[in-house]
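Let the sequences and hints guide you as you build the complete structure.
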Amino acid sequence: MAKSSVDKSRRRFMKGAVAAGGAATFVAGYADPLLKMGKGVTGSAGEKPKDRIHGNSLAPEYSVDPQSGELTLNPDQRVAFTVCYGCTTKCGVRVRVDNATDQVLRVSGNPYNPLSADEHLPMRTPVVDALRGLSAYGDQGQQNRSTACARGNAMMAQIDSPFRVTHCLKRVGGRGGREWQKVSFEQLIEEVCEGGDLFGEGDVDGLRAIHDHDTLIDPENPEYGPKANQLMVMEATDYGRSALLKRFTFNAFATRNYGHHGSYCGLAYRMGSGAVMDDLAKNAHTKPDIQNARFILYVGTAPSQAGNPFKRQGRLIAQARAAGSLDYVVIDPALNASVSHAADHNRWVAIRPGSDSALAMGMIQWLLDNAGYAKDFLELPGQPAAEAAGEATHTNATHLVIDTEGHPRRGRFLRASDLGQAEAGSEADLPMVVADGDLVQGTQVMAAELFVDREVAQADGNSVRVKSSMTLLREAANEHGLAEYAEHCGIPEATIIDLARRFASHGRRAVTNSHGGMMSGNGFYAAFGMQMLNVLAGNHNRKGGSAMGGGQFNGVGEGPRYDLANFPGKRGPQGLFLSRSRFPYEKSSEYQRKVAAGEDPYPARAPWRSLAPPILTEHLSSALDGYPYPIKAVIGCMANPIYGQAGLEALIAEKLKDPKRLGLFVAIDGFLNETNRYADYIVPDSVMYEVWGFTGAWKGNLGKMTTACWPVVEPRQQQTAEGEPVSMESFFIATAKRLGLPGFGDEAIPDAEGKLHPLNRAEDFFLRAAANVAMQGEPLPAADASDIQHAGLAPLMPRLARTLKPEERGPVAYLYARGGRFEDFKDHFKGQNLTSAWKRTLCVYNEQVGTSINTQSGQPNRGVPCHGLPPLADGRAMREVFTEEEWPLLAFSFKSNLMNSYAIGLERLRMIKPYNPVMMHRQDAERFGISHGDTIRIESPGGSVVALALVGEGVMPGALGIEHGYGHRDLGATPHVIDGESQPDLEWLRAGININDLGFKDPTRNVDGTWLEPISGAAVRQGLPIRVTPIDV
Amino acid sequence: MDPIRRSLLGQLARLSAGAALVPLSSVANAGINQQPPRREGDPTKRYGMLIDLRQCIGCQACTVSCHIENAAPLGSFRTTVAQYEVEHQETGEVATFMLPRLCNHCENPPCVPVCPVEATFQRQDGIVVVDSDRCVGCAYCVNACPYDARFINERTQTADKCTFCAHRLEAGLLPACVESCVGGARIIGDMRDPESQISRMIAEHGDALMVLQPEKNTMPQVFYLGMDERFVTRPQAEPVALDVLDPHGKEMGYEFHH
Amino acid sequence: MNSTIELLAPRYDIAWYPWAVQYFFMIALSYATLWLAAPALVFGKQKWLPTARLALLACLATTLVAPVALLADLHQPLRFWHFYAYANSHSWMSVGSLILPLYVVGVIVLAWLAWRPALQANRQAPGIAGFIARWLSLGDSPTPRALLVLVGLCTLALSTGIMLYTGAEVAIVKARPLWNTVWLPPMFVATGFIAAAGLILVLNPVTGERSTVVSGQMLKVMLGACLVAGLVAGSWFLDGINADVGSVAAAMQSVRGSAEWRSTALWGGLTGLALFGAVLYLLSRPAPRRPALYAWTWVLGLVALHVGWMFRWVVLMDVQTVARHSAGFHHYGIPAGSSGILGIVGTFGLWLAAILLIDLFVPWRQARQGGSAADLSPVTPAPAHPAAQSAAENSEGTPSHG
Ligand SMILES: Nc1nc2c(c(=O)[nH]1)N[C@H]1C(S)=C(S)[C@@H](COP(=O)(O)OP(=O)(O)OC[C@H]3O[C@@H](n4cnc5c(=O)[nH]c(N)nc54)[C@H](O)[C@@H]3O)O[C@H]1N2
Ligand SMILES: Nc1nc2c(c(=O)[nH]1)N[C@H]1C(S)=C(S)[C@@H](COP(=O)(O)OP(=O)(O)OC[C@H]3O[C@@H](n4cnc5c(=O)[nH]c(N)nc54)[C@H](O)[C@@H]3O)O[C@H]1N2
Ligand code: SF4
Ligand code: SF4
Ligand code: SF4
Ligand code: SF4
Ligand code: SF4
Ligand SMILES: [Mo]
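Residue numbers (full-length UniProt numbering), protein chains in the order written: chain A, 1 to 1033; chain B, 1 to 258; chain C, 1 to 402.
It should be emphasised that the hints constitute simulated quantities derived from the structure, not laboratory data.
All values reported here derive from a predicted model rather than from experimental measurement.
From the three backbone atoms N, C-alpha and C, an ideal C-beta is built for every residue, glycine too.
Keep in mind that the hints are not guaranteed to be accurate.
[What the hints assert, rightly or not] The following residues of chain C were derived to be distant from chain A, with all beta-carbon distances above 12 Å:
no., residue
1, Thr4
2, Gly44
3, His75
4, Pro77
5, Lys220
6, Leu273
7, Ala287
8, Gly346
[Claimed, not checked] What the simulated footprint calls covered on chain C by chain B, stretch by stretch (three residues with Cβ under 8 Å from a Cβ of chain B suffice, anywhere in the stretch; the number is not a length):
no., stretch
9, 9-15
10, 317-326
[As the list claims (entries may be wrong)] With a straight-line cut-off of 35 Å between C-alpha atoms, the simulated DSBU-like cross-links for lysine-lysine are:
no., chain 1, residue 1, chain 2, residue 2
11, A, Lys170, C, Lys45
12, A, Lys15, C, Lys47
13, A, Lys182, A, Lys660
14, A, Lys660, A, Lys375
15, A, Lys657, B, Lys250
16, A, Lys655, B, Lys250
17, A, Lys594, C, Lys45
18, B, Lys250, A, Lys1001
19, A, Lys660, A, Lys170
20, A, Lys282, A, Lys50
21, A, Lys839, A, Lys282
22, A, Lys737, A, Lys246
23, B, Lys45, A, Lys50
24, A, Lys570, A, Lys830
25, A, Lys737, A, Lys570
26, A, Lys375, A, Lys737
27, A, Lys170, A, Lys182
28, A, Lys282, A, Lys15
29, A, Lys15, C, Lys45
30, A, Lys170, A, Lys737
31, A, Lys8, A, Lys282
32, A, Lys375, A, Lys839
33, A, Lys655, A, Lys182
34, A, Lys830, A, Lys375
35, A, Lys839, A, Lys737
36, A, Lys657, A, Lys182
37, A, Lys282, A, Lys1001
38, A, Lys246, A, Lys587
39, C, Lys220, A, Lys15
40, A, Lys48, B, Lys250
Below, the structure is given as structure tokens:
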């Protein structure tokens, strides 16, 4: 009994213990509800929102009475107009700011700005009326919207991003180590200018030492120019602030070497366009007049997926879809957002990457064979005929080209001087045409023969073979049969014919447009061919055709108030670009030496591209390899070529780390990206909404426009000793002043009377540019108090007062109150012609191209578009070196409709699409044993990445599509350490892949370079040879 | 399954004992689960939305602007735009289909009667809202909405959803998503006002308009133009590949799960 | 539409957490055990008294724990009073919120009435047990049987309310076709009885009662419940296949082609069949062999509990992962913490604590159909089967030694 009682109490104890254990688990398991109950004591287990129904929704910025339309501003907020940096479209936006905290609350479109508004408002509209027009009053706001896209909305988080740099930084340890220390702006300027043993790695030349215009870089090669060229300055593109950067680079420091992202953005397209527009200097380009076009062929550009202007094009094709006014076809290796299942009259046609020249030449062949071109227009031989016909310009379709092999003027137009009718190079030395069987000057007849192929006796008695441009084009088009074109581009013959037929059937309202899709191995000729279709349709300058757009109100030139282009002591750069562009190799010392030594001058050590503009794609890698010459310093300003150029990182990262190859690398940026990670110094820059500047449109808008921006919120970064925010502007101003360069400092900006004004802070420059914009042509009126109040200009007014002359302040305020200056939305047409016309002769044959020489093969380039398979630098087909057996697929990339190249830090975009699976066709998936959702390895000759396969029908078989914008290694993807403190580590920023990691070094080059398009030097990102394998993870 | 077997099995089903339960279910639904009276809001108005899918470019401006305007927690949405790769039924052509979705402010909203505390209610202007002071966070309404239009806001711990931006409508302004719609697809307005843009468009497009899941008898008041019938109900599609991989192919999960 | 691919779609979280499963499980055990206690307690079937004692123990413990789990599924638990301040007669949940407390009170009072004579008998016990007995028994007045019957009947009535509301609450949700069927409430009830019978089969040996009578009765209940469940499931299936009940067809459509759902269905079906088969087998054994076999029925009990719990898990959790608006399924990985595994374990912990505390302080083995301490001896129930008479049945009136 005693035993049992012990037993019993032990049992009881055990039970009690188990019960206690159960209760304890319960308490642990009940932690969440208990916590909530703890918080709930105050009435809510969560954060109590401001309003029981509206929660934490923002307080409206103003209200509008539904009956009277009376508008009442919310005194706690302001609305101001500025520019968005969410992509290169650079839309004008309206920004809501909290007055108390200076925080941006939300962003939407500026109703005066054509890039944001459906139908932008006339400048004279009072701001209060503009704001009312955005409201629900009378449904106005949705009949005429002004928007910001997803990125444009999300971008405001950049301002307070944990990854933003706000302090001057100097590297700690070797380059690229992601470790920094904070330094003062003044120390940074001193070290950058004066150099010295800055990193304990030996002496570094400062900018003062490099700024030498008296010593040649290389006396052996005098054409390289002075040592000052050993500073290279690069930037992404003009975000409205480039004028000041260029003032420093070209005219104050005066180095030759400036580069921007053009060569890895869309240069192949731009040059193809420049070739038909006879503008290889600026590479003018056009956009379809979407509202009036009847048929558009988008080949390698995807409106509403990306494209410039992103929103405007997206909106216009959306409206056209609903209205049924337009038929369009998107020719792309991948299906994207531009093709809508919800509407008819739009369609996707899949094409093999890098094969567009086949499609172009196939279509041209059909059009020529079936008289599917604007015959009357093309027959116009000169401007008098064009004017008589009511056309803005004419083409050189009828002009004759000398085609005798070995003739000194082979490839040149047959001109009056060739026949002894004029002095060579004189005004009267006009191209010849054939009319009614006779050779005549193009200006003398109203029509000429399109197809000519004959011998002509020259003045010197020699006979020469001439062919009309059209004949050359036809020959090029007939070099391959339609079946072969179809096979090469993967578009069935019948579809090519159908496209050509439909294109022709819409006459001069049929247009083609291209861009990023031309960044392939044969991109220049592909783009040239595509643009040729526009010439054949005769749609340039026409309503519903290819539009030049209205251009910009230039504020930074010789303006009515200030001359911002010239200044005392201004200098022009001299010498050869690092990229060996715009300089015929045949004039180089290298060429001369080789010829003198009896060697074959070809190939040159590396490509020289006489037609191409200076290209960043060659600059960096060439400079690091010292060909043509080495550099000593780089200043990079918000540019990220290492992320953006296929194959660049693998090619140069190690060299970039070597202080012997590059002494000094200063980066001016708001963020630490894949490129400036290797910098020695970081200058913290303003982020959008905090900047001054003036931007335009990348075409796509018919009227003239300039978007203005000013710091609508205070810059968040460190300030200089003078109390100005550290920025790109303050860096160049301080550097120039320290080096004693002209154009900066107290007496730098001449006004119309020649009186000099200071350039000591950014606004000294930009407000004067604003005065030029506001007061050119018919000056803008002065803003009234209501405008100033409704456009949130209060913080700006004192700055106007301290910088501008009294008579300038009103019009400048008027300009900023509307976020820029925009030509009124009105009829942009004169009859069937566009008001803003391109007046130069349109080229069927481009003489400059036709007389240029490929310095690797020594062969002349073709002056008309032609088809070829993507080559490597030495001219061999890529597929010869990287065979299909080994690399069975072709990778290409397309822009994310959500992300851009630096948006990855934005949580509100990541939450929608955190990752970029790659697009693979069902057939290929089967071929390689891959299913939808599988993890795969993608290998190229230059790299290897791991991706998730999205298997479907929305991509060309044989091609693999990669959305661009993911796969970052910096911009937050890897934490940097600043003064011993690490940035946050958010692994999600590293998610996804970047096709540029699959880029490769061109194995056929002697001086290292990535795979570049031969004529333009554009980075090839479309059609990279790859193979895929499923992997188990 | 062949029709004969089908009907046979149908007979069986009807014979099975539970057929008696059917009348009971109508009590469950009709008797108890009825719409409580509407309250608050302007009785002279009835708000609705029309989305012209032909004009939707899938830009997600609506998603992000709504998220900012209404301070939604990361990863929770009052409106979304799904994107599909679709084959045309007749031509077999492949194209992109964008489907913006938000609360339908249903005429017969199943989310309302289920609320045990009448925290969620329909205003007289048709807008379905949640009184966050009253909401107990039971999430019944979240489950009851067939359109995934509701979520529990992790910050407020109460139900959250599209309010048609009532705070802006009341100020005479447009909802964030309408204001920001790049393609110009979203039209909001008072359907009792015959002159409003939405009334005119409804009149113009009439039968071409469709709503989501009409079979649920919720009577949605968000109308779609250019809709493919196959998307009216739950789409039969290869689901989105949602894995997020790190550079080594390791799955890293979704950053904004709650 | 076979080539349609969803390129972009949002992810949705589930709205009801595993707490909901715990509540639905506990409350189902509660009402089913109440009904298992009822034959003896309310309707005076002496043969069922051993079962009734175990059932009442189980019933009280689960009844206490269920609302705790329910509260946790609220994101604003402290606002539970809103249920009463702003009751909404249009909402099944609101209706439930009114029934539930009455039911809980009913069960507590019923248990008290049933245990009061024993408590009164225990008033002299030493230590805390005696203290509690004194305190809980509220005097020594007799416990009228009529009162017990009345309370029992009321609570049974309330329990049907619980069955109805828990079923209807889910079944009216059109948004989820897998819920939206008249077959769901009866299925909840049937699986509830399976689990409840299982629980008693487990408690029977664990508490040391080891009554063959109890086992036999529970096996029969389980057999019946299995039959009903099978019938219900079959009818639902036929409704769907025949496609004349749209929601069922839609429901089946929503999970067709999902390997996970197929295996879940298969698993559920097979376990159900196995359970049914085993029960049938046991019941058909010749009487002499039963005691030996019945000693193992707790294993079946566990399987039955698994069936009851899993059914609720699948219905409440898995169904929420079926995308209703986009393609496929949403991922739900059960979290480790409070809103997941720890919460589930915690609820069971609480239940265990509750049952042990009752066991420690309440002489539940002496539960009766009314009366007073004085009535406690002699032992009332005649053993159903002399051979099966267990020690437990003889122990009435002796202090607990379990
Ligand atoms: N959403 C968004 N919009 C943007 C930007 C952004 O980052 N995001 N960036 C802006 C900038 S900087 C630019 S330059 C523009 C560029 O705008 P786009 O030129 O429209 O864009 P890309 O993506 O470069 O290329 C266009 C298309 O070419 C296709 N393509 C690839 N290879 C080939 C090929 O070989 N042949 C053909 N025919 N097509 C091919 C791609 O699939 C892609 O759809 O967009 C601007 N707008
Ligand atoms: N594979 C592939 N490659 C591509 C493309 C593609 O579609 N596919 N697109 C190409 C095209 S079209 C282009 S234009 C290029 C773009 O390439 P780049 O113009 O070189 O690169 P971005 O990434 O635009 O670099 C801009 C940098 O500016 C910084 N920045 C961002 N916002 C701010 C700000 O507000 N203030 C300051 N001060 N700095 C800021 C960030 O560090 C960012 O990295 O990439 C090209 N590369
Ligand atoms: S298109 Fe969008 S991201 Fe690009 S500038 Fe305009 S609003 Fe900003
Ligand atoms: S869409 Fe959903 S949340 Fe909106 S009213 Fe209808 S049922 Fe309610
Ligand atoms: S979550 Fe809130 S609004 Fe929704 S049903 Fe529950 S109490 Fe009502
Ligand atoms: S109406 Fe307002 S709350 Fe509703 S989806 Fe649009 S922005 Fe969001
Ligand atoms: S903002 Fe408009 S166009 Fe863009 S995704 Fe939303 S509904 Fe479509
Ligand atoms: Mo670009």
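Evaluated hints:
Listed as outside the interface, Thr4 of chain C is inconsistent with that label: its C-beta sits roughly 9 Å from the nearest C-beta of chain A, within the 12 Å cut-off. Consistency note on Gly44 of chain C: stated as away from chain A, and its beta-carbon is indeed over 12 Å from all of that chain's, at 32 Å minimum. The Cβ of His75 of chain C does not lie farther than 12 Å from every Cβ of chain A; its closest approach is about 6 Å, which violates its non-interface assignment. The beta carbon of Pro77 of chain C sits about 5 Å from the closest Cβ of chain A, which is not more than 12 Å, so the claim that it is off the interface is violated.
Every CB of chain A lies more than 12 Å from the CB of Lys220 of chain C, the least distance being 31 Å, so the non-interface label holds. Every Cβ of chain A is farther than 12 Å from the Cβ of Leu273 of chain C; the closest lies at roughly 33 Å, confirming the non-interface assignment. With a cut of 12 Å on Cβ distances, Ala287 of chain C stays outside the contact zone with chain A, its closest approach being about 33 Å. Look at Gly346 of chain C: its CB is around 2 Å from the nearest CB on chain A, not clear of 12 Å, so calling it non-interface is violated.
For the stretch 9-15 of chain C, the assignment as covered by chain B holds, since 6 residues bring a beta-carbon within under 8 Å of that chain's beta-carbons and 3 suffice. Only residues whose C-beta sits within less than 8 Å of a C-beta in chain B count toward coverage, and the stretch 317-326 of chain C has 5 of them, enough to reach three; the restraint holds. Taken as a hint, the Lys170 of chain A and Lys45 of chain C pair is broken in the structure, with Cα atoms around 90 Å apart against an allowance of 35 Å. A C-alpha spacing of about 30 Å is found between Lys15 of chain A and Lys47 of chain C, which places the hinted pair at or below 35 Å, so the restraint holds.
A hinted pair counts as satisfied when its Cα atoms are at most 35 Å apart, and Lys182 of chain A with Lys660 of chain A qualifies at roughly 24 Å. For the given pair, Lys660 of chain A sits about 61 Å from Lys375 of chain A by alpha-carbon distance, which is inconsistent with the 35 Å threshold. Annotation: proposed proximity of Lys657 of chain A to Lys250 of chain B holds, straight-line Cα distance about 30 Å (limit 35 Å). Distance check on the hinted pair: Lys655 of chain A and Lys250 of chain B sit about 31 Å apart at the alpha-carbon level, within 35 Å; holds.
Taking the CA atoms of Lys594 of chain A and Lys45 of chain C, the gap is near 118 Å; set against the 35 Å cutoff, the hint is violated. Annotation: proposed proximity of Lys250 of chain B to Lys1001 of chain A holds, straight-line Cα distance about 29 Å (limit 35 Å). A distance of roughly 18 Å separates the Cα atoms of Lys660 of chain A and Lys170 of chain A; the hinted pair therefore holds under the 35 Å criterion. Between Lys282 of chain A and Lys50 of chain A the alpha-carbon distance is near 55 Å, which puts this suggested pair outside the 35 Å criterion.
For the hint pairing Lys839 of chain A with Lys282 of chain A, the CA-to-CA distance comes to about 15 Å; that is within 35 Å, so the pair holds. Distance check on the hinted pair: Lys737 of chain A and Lys246 of chain A sit about 16 Å apart at the alpha-carbon level, within 35 Å; holds. Straight-line distance between C-alpha atoms of Lys45 of chain B and Lys50 of chain A comes to about 26 Å, which keeps the hinted pair within the 35 Å bound. Only pairs whose Cα atoms come within 35 Å are accepted, and Lys570 of chain A paired with Lys830 of chain A is rejected, the gap being roughly 42 Å.
For the given pair, Lys737 of chain A sits about 14 Å from Lys570 of chain A by alpha-carbon distance, which is consistent with the 35 Å threshold. Note on Lys375 of chain A and Lys737 of chain A: the hinted pairing is violated, with a Cα-Cα distance of about 60 Å set against a maximum of 35 Å. Restraint check for Lys170 of chain A and Lys182 of chain A: satisfied, since their Cα atoms lie roughly 6 Å apart, inside the 35 Å limit. Only pairs whose Cα atoms come within 35 Å are accepted, and Lys282 of chain A paired with Lys15 of chain A is rejected, the gap being roughly 89 Å.
Taking the CA atoms of Lys15 of chain A and Lys45 of chain C, the gap is near 32 Å; set against the 35 Å cutoff, the hint holds. For the proposed pair Lys170 of chain A and Lys737 of chain A, the alpha carbon gap of about 21 Å is at most 35 Å, so the pair holds. As the CA atoms of Lys8 of chain A and Lys282 of chain A are separated by approximately 99 Å, the hinted pair breaks the 35 Å bound. Distance check on the hinted pair: Lys375 of chain A and Lys839 of chain A sit about 19 Å apart at the alpha-carbon level, within 35 Å; holds.
Straight-line distance between C-alpha atoms of Lys655 of chain A and Lys182 of chain A comes to about 25 Å, which keeps the hinted pair within the 35 Å bound. At roughly 22 Å between alpha-carbon atoms, Lys830 of chain A and Lys375 of chain A fall within 35 Å of each other, so this suggested pair holds. Our distance criterion of 35 Å between C-alpha atoms is broken by Lys839 of chain A and Lys737 of chain A, whose separation comes to about 42 Å. Proposed proximity of Lys657 of chain A and Lys182 of chain A is supported: the alpha carbons are some 21 Å apart, at most 35 Å.
As the CA atoms of Lys282 of chain A and Lys1001 of chain A are separated by approximately 28 Å, the hinted pair is consistent with the 35 Å bound. Between Lys246 of chain A and Lys587 of chain A, the direct Cα distance comes to roughly 27 Å. Compliance with the 35 Å bound is thereby established for this hinted pair. This hinted pair checks out: Lys220 of chain C and Lys15 of chain A have alpha carbons roughly 31 Å apart, not beyond 35 Å. Distance hint between Lys48 of chain A and Lys250 of chain B is unfulfilled; the C-alpha atoms sit about 39 Å from each other, more than 35 Å.
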